[in-house]
Each structure stands twice: as C-alpha cells, then as structure tokens.
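Trainee: The listed protein sequences correspond, in order, to chains S and Y. Taken in order, the first sequence gives residues 1 to 462; the numbers are from our numbering. Taken in order, the second sequence gives residues 1 to 462; the numbers are from our numbering.
By construction, these hints were calculated from the structure, which means they are not laboratory data. Any given hint could be a false lead.
Calculated lysine to aspartate or glutamate pairs in the DMTMM-like style (CA-CA distance at most 25 Å, straight line) [stated by the list, open to error]:
(1) Y:LYS116 / Y:GLU219
(2) Y:LYS275 / S:GLU270
(3) Y:LYS275 / Y:GLU99
(4) Y:LYS116 / Y:ASP251
(5) S:LYS275 / S:ASP15
(6) Y:LYS275 / Y:GLU107
(7) S:LYS116 / S:ASP15
(8) Y:LYS116 / S:GLU270
(9) S:LYS116 / Y:ASP251
(10) S:LYS275 / Y:ASP251
(11) S:LYS116 / S:ASP251
(12) S:LYS275 / S:ASP224
Short, incomplete list of chain S residues facing chain Y, as computed with Cβ under 7 Å [unchecked claim]:
(13) LEU8
(14) ARG9
(15) SER77
(16) VAL108
(17) ARG193
(18) PRO242
(19) LEU248
(20) PRO250
(21) ASP251
(22) HIS265
(23) THR269
(24) TRP280
(25) PRO336
(26) HIS440
Think of the CB as a built atom: it goes at the ideal place given N, C-alpha and C, for glycine as much as any other residue.
Number of protein chains: 2
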Amino acid sequence: MSTAVRLLRPRTDPDLPARLARSAAVREAGAQLRTDAFGAWLAERRRAHRFAVERIPFTALDGWRFDGATGDLSHRSGRFFTVRGLRVRVGEGPSGEWEQPVIEQPEVGILGLLAKEFDGVLHFLMQAKMEPGNRNLLQLSPTVQATRSNYTRVHRGAGVRHIEQFVRPEPHRVLADVLQSEQGSWFYRKSNRNMIVETTDDIPPHEDFCWLTLGQIGELLHRDNVVNMDARTVLACAPVTPPEAGALHPDTELLSWISGERSRHEVRTEPMPLKDVRGWVRDDHAVRHTDGRYFQVVAVSVEAGSREVSRWTQPLLEPRGLGLNAFLTRSFDGVPHLLAHARVEAGFLDTIELGPTVQYTPDNYAHLAPRDRPPFLDLVLRADPGRFRYAALHSEEGGRFLNAESRYLFMECGEDEAPLRPPPGYLWITPGQLGSLVRHGHYVDVEARTLLSLLTTGAVTL
Amino acid sequence: MSTAVRLLRPRTDPDLPARLARSAAVREAGAQLRTDAFGAWLAERRRAHRFAVERIPFTALDGWRFDGATGDLSHRSGRFFTVRGLRVRVGEGPSGEWEQPVIEQPEVGILGLLAKEFDGVLHFLMQAKMEPGNRNLLQLSPTVQATRSNYTRVHRGAGVRHIEQFVRPEPHRVLADVLQSEQGSWFYRKSNRNMIVETTDDIPPHEDFCWLTLGQIGELLHRDNVVNMDARTVLACAPVTPPEAGALHPDTELLSWISGERSRHEVRTEPMPLKDVRGWVRDDHAVRHTDGRYFQVVAVSVEAGSREVSRWTQPLLEPRGLGLNAFLTRSFDGVPHLLAHARVEAGFLDTIELGPTVQYTPDNYAHLAPRDRPPFLDLVLRADPGRFRYAALHSEEGGRFLNAESRYLFMECGEDEAPLRPPPGYLWITPGQLGSLVRHGHYVDVEARTLLSLLTTGAVTL
Chain S
1 MSTAVRLLRP
11 RTDPDLPARL
21 ARSAAVREAG
31 AQLRTDAFGA
41 WLAERRRAHR
51 FAVERIPFTA
61 LDGWRFDGAT
71 GDLSHRSGRF
81 FTVRGLRVRV
91 GEGPSGEWEQ
101 PVIEQPEVGI
111 LGLLAKEFDG
121 VLHFLMQAKM
131 EPGNRNLLQL
141 SPTVQATRSN
151 YTRVHRGAGV
161 RHIEQFVRPE
171 PHRVLADVLQ
181 SEQGSWFYRK
191 SNRNMIVETT
201 DDIPPHEDFC
211 WLTLGQIGEL
221 LHRDNVVNMD
231 ARTVLACAPV
241 TPPEAGALHP
251 DTELLSWISG
261 ERSRHEVRTE
271 PMPLKDVRGW
281 VRDDHAVRHT
291 DGRYFQVVAV
301 SVEAGSREVS
311 RWTQPLLEPR
321 GLGLNAFLTR
331 SFDGVPHLLA
341 HARVEAGFLD
351 TIELGPTVQY
361 TPDNYAHLAP
371 RDRPPFLDLV
381 LRADPGRFRY
391 AALHSEEGGR
401 FLNAESRYLF
411 MECGEDEAPL
421 RPPPGYLWIT
431 PGQLGSLVRH
441 GHYVDVEART
451 LLSLLTTGAV
461 TL
Chain Y
1 MSTAVRLLRP
11 RTDPDLPARL
21 ARSAAVREAG
31 AQLRTDAFGA
41 WLAERRRAHR
51 FAVERIPFTA
61 LDGWRFDGAT
71 GDLSHRSGRF
81 FTVRGLRVRV
91 GEGPSGEWEQ
101 PVIEQPEVGI
111 LGLLAKEFDG
121 VLHFLMQAKM
131 EPGNRNLLQL
141 SPTVQATRSN
151 YTRVHRGAGV
161 RHIEQFVRPE
171 PHRVLADVLQ
181 SEQGSWFYRK
191 SNRNMIVETT
201 DDIPPHEDFC
211 WLTLGQIGEL
221 LHRDNVVNMD
231 ARTVLACAPV
241 TPPEAGALHP
251 DTELLSWISG
261 ERSRHEVRTE
271 PMPLKDVRGW
281 VRDDHAVRHT
291 DGRYFQVVAV
301 SVEAGSREVS
311 RWTQPLLEPR
321 GLGLNAFLTR
331 SFDGVPHLLA
341 HARVEAGFLD
351 TIELGPTVQY
361 TPDNYAHLAP
371 RDRPPFLDLV
381 LRADPGRFRY
391 AALHSEEGGR
401 FLNAESRYLF
411 MECGEDEAPL
421 RPPPGYLWIT
431 PGQLGSLVRH
441 GHYVDVEART
451 LLSLLTTGAV
461 TL
C-alpha cells in the first residue's frame, strides 16, 4: 500500500466538539463586537432600515390572487408559496378529523450560517434582517436565508449575499447540513436546508453583518425577540456533543420508541380547495376560523423608507394567542434529561416528530375541561416563574408569520411532577441524544430546535 | 448521589457487534439444523404446504373491485392496499412528467425477526412462508411478517404467531427497530417497521420455523430465491459495525451530500384516478402499459391443498423483465467502499434514497441509444460473470409482486470503470456508513438493503 497519498479520513471530526465548546465559552466579546455593544449596533441597523408594514385588504395584494375555482391563494409566478386547504384524519375516531388552511411551499430553501475562526475561536456571521411579520421587524438571522426563488430566476431583486458559500460548498468545510421540518400545524411538508459552513476566505465587512461567537449568540438568546427562528434552528444543528455518562434509554431504545410512535399514529392528509374548508371563512381582510381560534391568513404591504427602493405585498399567517414551548428537565444519576413528546402535526412528512414537553397555544385549549387538557400544560402555566431555568419570548419565521411569538422555557421538575415513567408519547432523553437526532431530518421539530439552540450556544446549562 | 440504583446505561451496547460477528462466523450448523440439511427441510415444508396459484380475470376477484368513478382497485374492507393512479413531475422539463399505476398501502406493517442465544451464539427464527407471487412459492421469511390488517380485526384467519414479541417488546431487548421504505416505483410511500428483538423466552418449536445463525442465513443467501425480501431487509438492519480505518468522505460530508441531492431534485406527486392514467390500459386480465414496459397489474387465486382450508384471491403487480441491482466496489487505502446512487423514485417519502450503483430493469432501457442509458448499466451488463464477487437471483415481496426477480451483484472495479470522483448523484461510501444510515428510515432503499444483508450476514466479504 502506498503511503504517499492517504485518501481516508476519520468518519467524525475529532476536534470539532472542542472547537464549538470553545466558541460557546466566549461570551463577552468576539473579534468584532462586545456583547454589551450589540444592542446599540442593532438599534443603528434598525435606524438605517426603516420599514413600514401595514395590513391591507386582500384586494390590495399585488401579484397574489385567490384562484377562482379553488379559492387557493397563490402568487401569479407559481412560486413562493400557496395557501390552500388540507383535510386531516388522525386515527380512526370522528374527533380526529378536521380541515384547515395550510401553507404549501414545496421548494427547499437554504438557511446558511458561515463560520470562521478569529484568533482560534469560531465566529458565526449573523445578519440584521427585516422580516415583515416580526413585531420589531429587525432580528438576527443566519448569514443566508434564501428560498430557491430568492437565488434563482424568480426574484427580481438583488442576489443573496454569501449564497455561493452554501450552494456549492467545499465538502470538507461543511460542519452541519440537514433538511429540517418547520411548523407542521401551519406548513404542509415544508423543509429547509440547515447548513453551517466554515470558511477561510476573507469575507468583506458589511454593515448588516457581524461575526459573533456561539457564547455571544447564547447571551443574546436571553433577550426577547433578537435571534430569529432561522438562526435558532441552524444553531441547534451545530454538532455539539456534551459529555454524558449515559442515558436512561440507550439510542436503540430511543429509535425504537420513535418507530413505535410513528407506527401507532395513522395520519392521512389530503390537500383540498381552500374555499371548501369547513369551519373557516374569508372576508376582505382575513381567512379565519369561525370560533376565532388557531390562526388567520391576512395580507400586508411592506415599504422600505431607507435608501433601497423596495415595496411589496404578501400574505402572512397570524396565529391567535401566545405560544408556550417548554422542556421539563430532570437529572438522573447526574445526567440531565429532557422530557420529549412525540407530536403528531398534520404537516409533518412522517407522522410524528419530537417536540418539547409542552408545545401549545394555551388560548386554543382554554375552553376545555381540565381532564381534556394536554398533559403538563397546566403544570407549566401555574408554575412560579422563579422555577424557570430559562424564559424568553421568541418569534417564529417573520417572512411567513405575523406576530407569531412563543414563550420558551426550561423547567426542572421532580418525580411527582414529571415521573421517571411518563405517560405514553413521552420519553426522557439527554441533550446529547437530541443532538444526535438533529443530525438527521424530521426527528426534532422546530420548536424543540429553538430550545436545543439554547444548549448548543451555552445560553442554558442544565 | 446514591449508588444503590443506577438508572443510566451506555448509549450504545458495547457487546452487540461482537455477538453479531460471532453469529455470522457460524456457517455450517446452528443449534437446530446443519446448513447442508436445510434444502431437505425446505423441500419437506413445501410438500406439507401445497399451494396452487393461478391467474384469473379481474371479474373473478372476490372482495376486490374497480371503483366505478375512479377506476381504483381496492378491497371492500377499505384495508390491505389500493391500486390507484399517480401523476409525477420530476424537475421542470416535460420529459420529467409521467403517470402510472401505484400501490397505496398507508398502514405500517411489522417485519420482525426474533433472536435468541443458543450455546452463546445468536440464532434467528426464520419461517418457511408461502407468498403467491414467488415462482417457487415457499421461501424463508422473518419470524413475523404482518400487515396491520393481519394482526388487528380485519383479517378473518388465525392470529400471527409470535406477533406479541414485536407489538410490545421489552425495550432493552430490541436490537433494531426502524421504518424502512419499499419499492418507490411500485409503492406510494409505503414503509414497514423492520425489527430485530432478542428473547430469553422458551419458544415452542413449530414445523414451519427454524433457528439459524447469521452465517447460516448468509450461506443460504448464495442460493437463488431462498431468503425472501422481508427477511433480507430486516437482516440489513442488524447493527453490525465493521471495523474500518476511515472513509473517503466523513459522515458529515455524506449527510451533506444527501441533503444536497434531496434539495436539487424537485419531485411533485399527486394521486389520481387509475382510469385516467395516460399510457396505460385495462382489459379483463391486466392493467398494462401500452408499450408493454414497466409492469402490469393482474389478479390471482390462491388455494391451499394441504390440511389448512384456505383460499383467497388478490391483485399482484407483475414487473416486465428481470431486474439488475449491483454495487460497484473499490478498496481505498485498504478499506472497501460501495458506489451509492442517489435515486429519485416517485413513491419515496423524501425525494431520494440511496440505491446500489445500478438498479434497473434493463429491458425498460433497451430501446434507448447508448448515450441515453443510465451510467454503469452497460458496464455491468457486459462484464465477464467471473468478475462478480457475488451473484444470485432474489425475489421481491411475493405478497404484492408476481415473479418480481432481480439479479443481485457485487463487482469490484478499477479507476477506469468507476472513478474516485464519480458523476453527480454517486458517492463512494463504506459498508459501515451504509450500516449507520440504515439505522434511520428513508436513507437506504430496499434493493440496497438486500445487498447490505449480504454483508451483515457475512455472505459477502469485500
């Protein structure tokens, strides 16, 4: 055998976990910006990009229309996304049947985070980005947030900065790359490509971008509505491998439990015309549920008041009420565990994905008798806030959702609240196991990924 | 911390790979049967179960009918499976559009293999099982092969023997448990739960069952049409971990390549009425393609001539021509690699899965000019059979497919035939990497799993 050319490499990068841990440990100042100067920087970006977003009637939408035959709402180019109807049947009883509007967006977009070492510490290139659905408009996004329409022929605007780092990356520079689902109650089988790519290129500075360490981003994750959903889901995919002495359930048991949960739920979905969806009505300004629950579909116009000349209109999905997403945690034999929930959502590709212990919009359950309310919801709603290891408000994707905010929590529990043997559909898993699952698509839902990003960035230590 | 009760276990079972390797090394005789006595045993089972299968016209089907409005072929119970139409669009050109019949079977069945140690060696409980579509009718199946209909209320016949070991297994006895796809050109989003469960129970002997080591099964895999598809796919999931010094592409690169392949192909499918499918016609005996290609849907009656009183009729899908499924292999720095192909099949849940280098029915491509034929197909078709490291005929699932046989091959190649940098859509991966992927669903297609089962059982050593 020739020793001149070695083709083989180790299957896993032995240095990466330590490099990520080092970046997570750097919290106060990165190569470019002190963490305590970040607020001023973001405020300055907000002043530089003045945007006005206002609600408009559907008739004022430009390029979007309700189809005469189906009532589906789509763009004349056939791209971006379509709001259509979905008929859902879960299990065999009549209570498991409903119809709802849903966003269909079959294209896979890229959520790309560029990484680079400065003084031996990995930094990540974050962008101050406007999304019309965010209450505060400007939040921190990953380096690139691009639908396929954005970076191909459909979009009339400028190209997406840094997209070339992600469309054809050097394979050995890829730190993470996985197709992940998004909200399965609002999207039909949507997935985005979550990528972290390291570069050694000189990256020219730009006023909307800044390099931050994982630890700095973790500090910012303690603030409400600063780090956007796309950034959080990509950060969750950072292959951090916490040292853990073991787990309550070995990996094969965990995978077997997931297979069992996937098999025991039968979910059948069928797209249908939006105009035929039972229980939902459309007026000039909204497609909404007759009881005022769940969400409504509305239209907005967006106008940039700064140097860029830019104006557009689009539909957005506006949830009713504040979401509540919480992992209950316990430590077993000194190793922290999270109580994962196998959630059925109509828009998931494969029946169930793992969500946090609690993932609900409490308002949608307020009318139910206590015994019909989901497990653990009241426990979290009634808990003394002093018990939360972490609590902050974050927005879901502001390019599709209007004022979609949720409270994200970690809460440590005891046996009386969250037993070692939880009810069916729940399992105790370690953060390391959650991290192993998130290397593959369609295991961990986007709300659980937000909570996982708090662990990968070191915002929360369990 | 109390040392009295240790709740934690290692995330991976440190002993299992060696136990599986030990079983694969035992080839000549297991606890129950010498391998060279197996042929006589199977012949005896074949004599005990005499079955007659004959083709019948659709009008002679009992309980099955073509729907008046849609032309879909289904069972009156609404269970088992339905043959309906599927409209497929791959990419954006007109050549990527077609319509075809497809089998829809949304229920997840169980393919379960029971394992038990005899004299310190793992044995697997195989069943001599009749499937009407197999040319030789009786082949070796896993312990349990059950649709949900089989083991719930729909089936009128006897319960499924040993099913209780798989419906509620003791979690720590599960060696493998994963939902795997089946033929994506014939099934629409079908998946089955592939399970290997170890037991220490006393299992009463039964004349249709025998305990074999992995090595014995590997020997039988050298014979044509003995080990059925369901057995092969479960055996592929045995968590064998070959010692490998590294790989051409680290795991993150491999996963990134898969994400890229999934993103670059856009596949849109839409179920449609069978009667409207263009290019296909129905007569009294078959639904077939007007050019006689691909497959036809036919009906059979099955009659048991032995002690059991049993007769039924059902549709089967009959492919035209013999399949050819081959992995090209090379050794790099002493580590064997397989050339995997990212295949688009309309029935896959998620755009692409990894198949062998060559996976085609050559007859369907015979009319094409050489430059339009798929890569590597002619290389394998023209190769001197003396070059094959392995060659045998195996049947696909005989409960759904009639005379669906393929030639399975491993063929070692050089740089001029299969280059280190293969064409787009192909990647060199190690058997260990294929084994890591198969722990999760929807990565490795059923044909590649048959070839992988030759490695997990030791039938083939690369």
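Trainee: If a hint holds in the structure, say so; if it doesn't, say that too.
Mentor: Comparing the hints with the structure gives:
1. Y:LYS116 / Y:GLU219: Given pair LYS116 of chain Y, GLU219 of chain Y holds - Cα atoms ~19 Å apart, limit 25 Å.
2. Y:LYS275 / S:GLU270: Cα-Cα ~20 Å, so holds.
3. Y:LYS275 / Y:GLU99: Given that 25 Å is the threshold and the Cα spacing comes to 11 Å, the pair holds.
4. Y:LYS116 / Y:ASP251: violated (32 Å)
5. S:LYS275 / S:ASP15: Not satisfied, since the Cα-Cα distance of roughly 55 Å exceeds 25 Å.
6. Y:LYS275 / Y:GLU107: holds (24 Å)
7. S:LYS116 / S:ASP15: Holds, because 15 Å separates the two Cα atoms, which is no more than 25 Å.
8. Y:LYS116 / S:GLU270: violated (43 Å)
9. S:LYS116 / Y:ASP251: holds (21 Å)
10. S:LYS275 / Y:ASP251: violated (47 Å)
11. S:LYS116 / S:ASP251: Violated, because 32 Å separates the two Cα atoms, which is more than 25 Å.
12. S:LYS275 / S:ASP224: violated (37 Å)
13. LEU8: holds (3 Å)
14. ARG9: holds (5 Å)
15. SER77: violated (13 Å)
16. VAL108: The hint holds - VAL108 of chain S has a Cβ within 7 Å of chain Y, the shortest such distance being about 4 Å.
17. ARG193: Status holds, d = 5 Å.
18. PRO242: violated (12 Å)
19. LEU248: holds (6 Å)
20. PRO250: holds (5 Å)
21. ASP251: Interface hint status for ASP251 of chain S: holds (5 Å vs cutoff 7 Å).
22. HIS265: violated (10 Å)
23. THR269: It is violated, given that the least Cβ distance between THR269 of chain S and chain Y is near 11 Å, above 7 Å.
24. TRP280: violated (23 Å)
25. PRO336: violated (12 Å)
26. HIS440: OK, holds: HIS440 of chain S within 7 Å of chain Y, min 5 Å.
Hints 4, 5, 8, 10, 11, 12, 15, 18, 22, 23, 24 and 25, counting from the list given before, are not met by this structure.
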